[in-house]
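*Asks:* Chains A and B, in that order, are what the protein sequence lines are. In terms of the working numbering, the first sequence has 100 at position 100, counting the first letter as 1, and numbering is strictly consecutive. In terms of the working numbering, the second sequence has 551 at position 551, counting the first letter as 1, and numbering is strictly consecutive.
Everything hinted at is true.
Derived pair list, reagent style DSS-like, types lysine-lysine, alpha-carbon separation capped at 30 Å:
1. A:Lys91 <-> A:Lys113
2. A:Lys27 <-> B:Lys564
3. A:Lys3 <-> A:Lys113
4. A:Lys85 <-> A:Lys2
5. B:Lys427 <-> B:Lys519
6. A:Lys27 <-> A:Lys73
7. A:Lys63 <-> B:Lys66
8. A:Lys62 <-> B:Lys195
9. A:Lys63 <-> B:Lys183
10. B:Lys183 <-> A:Lys27
11. A:Lys73 <-> B:Lys142
12. A:Lys113 <-> A:Lys141
13. A:Lys63 <-> B:Lys194
14. A:Lys62 <-> B:Lys183
15. A:Lys62 <-> B:Lys142
16. B:Lys195 <-> A:Lys63
17. B:Lys142 <-> B:Lys66
18. A:Lys62 <-> A:Lys3
19. A:Lys2 <-> A:Lys27
20. A:Lys142 <-> A:Lys3
21. B:Lys356 <-> B:Lys368
22. B:Lys194 <-> B:Lys204
23. B:Lys133 <-> A:Lys73
24. B:Lys194 <-> B:Lys229
25. A:Lys141 <-> A:Lys85
26. B:Lys540 <-> B:Lys426
27. B:Lys564 <-> B:Lys204
28. B:Lys195 <-> A:Lys73
29. B:Lys426 <-> B:Lys66
30. A:Lys62 <-> B:Lys194
31. B:Lys142 <-> A:Lys63
32. B:Lys183 <-> A:Lys73
33. B:Lys66 <-> B:Lys133
34. A:Lys85 <-> A:Lys113
35. A:Lys142 <-> A:Lys85
36. A:Lys91 <-> A:Lys141
37. B:Lys183 <-> A:Lys3
38. B:Lys564 <-> B:Lys356
No wet-lab data here; the hints were simulated from the structure. Computed from a prediction, not measured in an experiment: that's the story for all the values here.
Listed below, chain by chain, are the residues.
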Amino acid sequence: MKKRWVCLFVENEVGVLARISGLFAGKAYNLNSLTVGPTEDETISRMTISLTSDDRTFEQVKKQLNRAVEVIKVLDLTEEPVHRKELMFVKIHSCSENEIRDLFRIAQVYPVKILDYDFQTVLLESLQTEEGNDGLICLLKKNFPGRAEIVRGGSVAVGAVLQSP
Amino acid sequence: MEMLGSELLVKALLAEGVDTLFAYPGGQAIDLFHALYGVQGLNVVLPRHEQGLIHAADGYARSTGKVGVCLVTSGPGATNLVTGIATANYDSVPLVCFTGQVPTSLIGNDAFQEVDIVGITRSICKYAVTVRKREDLGPIIKKAFTLARTGRPGVVVVDLPKDIQQARGDDGYPDQVRIRGYKPNLAVHPGQVKKALELLRGAKRPLFLVGGGVLIAHAGREMTRLSEKTGVPVVTTIMGKGTIPTGHPLYIGNLGIHGSYAANQAVSNCDVLFSIGTRFNDRITGRAGTFAPNASIVHIDVDPASISRNIAVDVPIVADAKNAIEALLDQAEPLPVEEWAGRLRQLREEYPVSVKNPEINPQAILEKINQVFDRAVITTDVGQNQMWAAQFLDLGEEKQMLTSGGLGTMGYGLPAAIGAKLGNPKKDVIAVCGDGGVQMNIQELATAVLYELPVIVCIFNNGYLGNVRQWQEMFYDRHYSGTCMRRRKSCPPVCDAPGKKCPPYLPDFIRLAESYGAKAIRVTRMEEVEPALRRAREEKMVPTVLEFVIQREENVLPIVPPGKCLDQMILGSEEGER
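Excised from the complex, chain B in its bound form:
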């Protein structure tokens, strides 16, 4: 039997179990949309912008563990994906992105809406390829899904020239494909496990450092059991938060520049740091060369290139996190570390992360979110809102946080929430955003309304690009350069503080949300927070925008100043530096 290339794509998507397709049409994708017309079992979602589209696919993929699939046209459709590709790939999210392309006969001619998207994305994805022969189409799609979901997951770009979409050819779609240059090492080397355990056995102050890789491997339960069996406390990166429930007695907190005092002290004082599924990003290590100065380091990661790149490691283990943790669980024994664990617990209680402001503040709002929602996916944008969410949200098996950790992409929160809700209709889905980031993809409110997705969009509105403003306040002489969202032409040329004369905020988020047909509540006082959250939760068809008007100069604390080591934190205004 023969079929068109476009029909084979649809067949392949169904064979791969794709139930939701994030798609935006255009001249070089029109044949693909023609083939999708009326197809049963495939929900084709039309967002308002391709960047919103790919973040939605990303939120869908992170929250379900399935591959997110994007389909866009050539040229601007493809280039609008670029930020989303980098965002997803950085955080090891499995996506397959199909881009339309001009016919092979026109490639290289600067044809209308032609770009070399494979060339553009080569360094920010796992694999990118243009299909040049119709007979390669099936194997390439199979290869794309295989690469996206296995090993260290990532983004694959498949560029589909129009003549390939229109060409008749074999209708077969392979069950598997051999990729000779690709052999992810998932199994654990028993000798390395033995070495790691010996190190752990001899430790007096051992610590688990857990990153996002453990969540990607779905090994949260195993990790919790390993910590409980050995008695070794756990700190997490932002991406790993929730791997073990945040209320667990062995959980100390997040480490890093906005981590908790206790977690950073734990890392600075431990003698064996047992890290799993993290790549020691500069945001968690503080000044290079001062990280975990007293510790021997074990590092488990599925990506060999992540090992010994930023931090030299004593025992490397290349393996899937789940396989490795299970192997450790088999052989690990309880360790006499109660005193050390107790000391960290005490530090955690003595120096809780907190916002001092008695008025409505981000901590209080996030703690209300913790109370009101039992099963939830919470997405964040990037900036102060993200740091507060990472500090204060309770996470665990039933509560997951999705955040752009590696690339730090503003505009991620709202579309990711839409994707998460499509994948998890029974869970409450909440986007925690700032007033800056939410405007980067605010058009996706339309998508949420049209697809009847009752996501709850929390906007922490301080009228500033707050994270940069905080740095300007602390390290740049309060020169609020380019960070005030209320600044307009009539303002004085320089400004170092907000005041009563500041121009009004724009847009009016309430009227904006209502114009999309969404519900909207402005919250300015603490006692209004919980009722607003509960009302939003009642909505079963319509998204709600909750605008929380917070203090303009609220800061994220504690903070490790730039160039300092993890144990030199600024805790808060009254404590001074420690």
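The following block holds chain A by itself, in its conformation from the complex:
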């Protein structure tokens, strides 16, 4: 089992997201995250999907995706040099003064911005890899148990400009 990254170019039409997510659900494929948005060509949307699977299942996933009429292209980014980022918001409630100070320090060490705050609540914006966000969540949950409201956006990925030779 291994984490994989696929990028899909799909027709930007009604029902395509249901088609793709339904395929994962119907065939019992794992799906970690799926993001979607339009591309420079407004008739085409681009999806970034992360999933965990063995090699054989992953081959099937790619074939099944390719077979969908709505899918124009499937790119396997698992072994490619790519940039991946996920946007995450974390709102921490009922903070003491000390805790707010701690959070401002955390923002200096981690790739995290304080987006908004008042005397009790702090809103963090974290823009890093999915794994980085996983780590941050661990840290915050431990130190602010039951007080962290988390909104994750799912990863987007794009091929690196400098490809390895």
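With chain A held as given, fit chain B onto it using these hints.
*Replies:* Only chain B this time, still in chain A's reference frame:
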């Protein structure tokens, strides 16, 4: 020029060469039926139920190679198609299904007879789409027919909201359409063909495994020539049976859980398995991981997703079966495999598939069908009747079998026969059914009578849902739970055997058939079988129901028990397990 959406649909159907339309009206299809009124060159057939309708379109498509076309209303009309859509798509049958829909302004409002049929069918068809703009209608219909008939054929659902049907717009219907996400790979990769042939050349015990894909590609003759040129014997899946004539000396039999002993031995012992147009369904492989244990496997299929899914393959070839077989035929050479082929032929003769019962029995009836009919399309239902038909029917270029192989849909046989007869008026069309399945679409007898279709409906009546009953007998302690068709309220709570006190069968198929205006004969003795078949064959206008009253606990043998490998077959009561 402008025309209504409904008129453009009719224009498109004629442009696509559609001559038969299977259609059932309703509130959201009424405009479409209005446009169809009096149209020349289009036979609009009104079945009695939408499930019967789509199986008829399926039988028409399988037996003619043309696209079958369905037209139904929204809501229940559309949902009644669902089983038929899955049935056809599973077996790669080209269908285009038009469903009426509430006006776009009402979609999502839970309007009367509104369902999201595109959402419901998304995972069981090749493509499904709602037409949302009148100007998209022509291109979408073109796209639907293109997708249905090309690549690995399948079902396309086109949902037509009422306001689109009623809207005036451009009358143009495109000659072609570009689908950028759809590029079926039909051509053969020469390098892969070379690899496959090298493997074949080095083989000592090579075997062709032929599936339904070869029949869909109309490559039966080429396949026969390839087998003859190389001398390599052939086994088939149920869907591929008849690709090479069943009487051919190089034909060994069907493989799988009810396959022949010789065919399963062939697969278990071959060293190169050259498979074409099959997806290695679990019914042919037996226990996973034990299939063809000694063989390198070549797999040709037009659908890349079918390759290396169930069985790991050594040489994959993505291509149309006909293109691939022709390429192989060009370069293949005779192979020194006479001894191997002879051994399999001998196994085939030593262990013929047979029913032991000396009374009237399915094998004897099917062998009579083989004798009486020369050019025929034979449909089956699902269950024991289907397995017996797959075991005993002689098939080839002039004799074709239509069966729900993938989904295994009871109720398929009779309506499919109606569709096949509409497409093949000059051939005899026979439906082989059980007493369970035939009742699932028995209402279509009316369609057969009204459209003067002399189909011959053979009902093998054992008063049980026999396939499940057989499993209960063999693997579930004879607990005949929910499988007896004669069971009624007065029966004891549990029952493990039929007896003289069983309540009478219901319905009386003879009186039922006659009430529809069909002919009907009940056959209880062997000597009555042939005369009954011949009398049915004489009928030129009226369908005939032949009820064959067979032994209640007749079994389909041999069988590979669940979880066993193909070479562990139960052959019959006296031989025991091998």
